[in-house]
Amino acid sequence: MVGGRVTAPEMAGIPRVLAAAWGFAENMANRFNRELKEDRKKKLLKKLAEKFE
Amino acid sequence: MISRKEIEDRIVSLLREEYLKYSEETLEKYEPQIKASVRWYVSSLPRHIAGSEADDLESEAKIAFMDCLKTWDPRKGELWPYVSVRLKGSMQDYLRKRGNDPVAGLYEYITSAANVYMAFTRKEIAHEEIDKNMNFESVLQDFSDKEKAVIEGYYRNDKTFKEIGGEINLSESQVSRICKEATVKLKKILREDA
Chain E
168 MVGGRVTAPE MAGIPRVLAA AWGFAENMAN RFNRELKEDR KKKLLKKLAE
218 KFE
Chain Y
11 MISRKEIEDR IVSLLREEYL KYSEETLEKY EPQIKASVRW YVSSLPRHIA
61 GSEADDLESE AKIAFMDCLK TWDPRKGELW PYVSVRLKGS MQDYLRKRGN
111 DPVAGLYEYI TSAANVYMAF TRKEIAHEEI DKNMNFESVL QDFSDKEKAV
161 IEGYYRNDKT FKEIGGEINL SESQVSRICK EATVKLKKIL REDA
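Read top to bottom, the protein sequences are chains E and Y.
Be aware that the first sequence starts at 168, since it is given in this note's numbering, and climbs by one per residue.
Be aware that the second sequence starts at 11, since it is given in this note's numbering, and climbs by one per residue.
By construction, these hints were calculated from the structure, which means they are not laboratory data.
There's no promise every hint is true.
Unchecked claim - Derived lysine to any residue pairs resembling SDA-like cross-links, with alpha carbons at most 25 angstroms apart:
1. E/Lys213 to Y/Asp19
2. E/Lys218 to Y/Ile12
3. Y/Lys39 to E/Asn200
4. E/Lys204 to Y/Ser23
5. Y/Lys86 to E/Arg198
6. E/Lys208 to Y/Lys15
7. E/Lys214 to Y/Lys98
8. E/Lys208 to Y/Lys31
9. Y/Lys31 to E/Leu203
10. E/Lys204 to Y/Lys15
11. Y/Lys15 to E/Ala216
12. Y/Lys15 to E/Ala188
13. Y/Lys39 to E/Arg198
14. E/Lys218 to Y/Arg14
15. E/Lys204 to Y/Ile12
16. E/Lys209 to Y/Lys31
17. Y/Lys80 to E/Asp206
18. Y/Lys80 to E/Asn197
19. E/Lys214 to Y/Lys80
20. E/Lys214 to Y/Gln151
21. E/Lys213 to Y/Asp83
22. Y/Lys156 to E/Phe191
23. E/Lys204 to Y/Arg14
24. Y/Lys15 to E/Asn200
25. E/Lys204 to Y/Gln184
26. E/Lys208 to Y/Lys98
27. Y/Lys86 to E/Gly190
28. Y/Lys15 to E/Glu217
29. Y/Lys98 to E/Glu202
30. E/Lys214 to Y/Gln184
31. Y/Lys31 to E/Asn200
32. E/Lys218 to Y/Ile17
33. E/Lys204 to Y/Arg96
34. Y/Lys86 to E/Ala186
35. E/Lys209 to Y/Gln184
36. E/Lys213 to Y/Lys98
37. E/Lys210 to Y/Arg96
38. Y/Lys15 to E/Glu193
39. Y/Lys39 to E/Glu193
40. E/Lys218 to Y/Glu28
For clarity, every value in this text was computed on a predicted model and none was experimentally measured.
Chain E on its own, in the form it takes in the complex (with noise of 0.2 angstroms):
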């Protein structure tokens, strides 16, 4: 609990402005990912977290 707000576990990590739009980021990232040959999903997103932070 943070004043008041419970933080969902999947967006710990995640700055605000990212999670608020973070089921967008998802959907692009799955997007991008489809046209690679490995799964590096997580990889783009982590990335994409570090960079918005």
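Given chain E, work out where chain Y should sit, using these hints.
Just chain Y now, with coordinates in the frame of chain E:
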């Protein structure tokens, strides 16, 4: 306050930036489709062009494919429909440029001038060729060894990107990129000299 659209644009742009690090994988994945597109396009060309340009058209299509990845927006649709239209355009552009290329024209000019002089005297032609070649060498003096090898191989010796790449240990697409850049440089120099 950042708008929703700005956030989405930024997400797509950052994801693309990361995705492009692995773009070779996408090229590999789509290679059969690219080759099929090139074959289909080449089959519609006159035989004398198809025979000599097929390899280069494939390199050109691969470069166009990689360029498309830099601008592809997954919000607007799937990758292949976006790319396939542009591949044909890039091959058409390439052939158009080859036909009117002033650098390619320079060699044609040297060859035809040489043939005319040959009709008069072999000695004279030798001097004429040397003069022109020396002139050309001086134009190329600011080029790197790789650029020189590519320009000479491609325009002077009529080799394909594949053949040149084999000689200087570079991939077809690298040779094509060097050729493109060196041609722009060469055209600039030739325009300044004119």
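field: Broken hints, by number
entry: 7, 10, 15, 20, 22, 23, 26, 30, 35, 36 and 37
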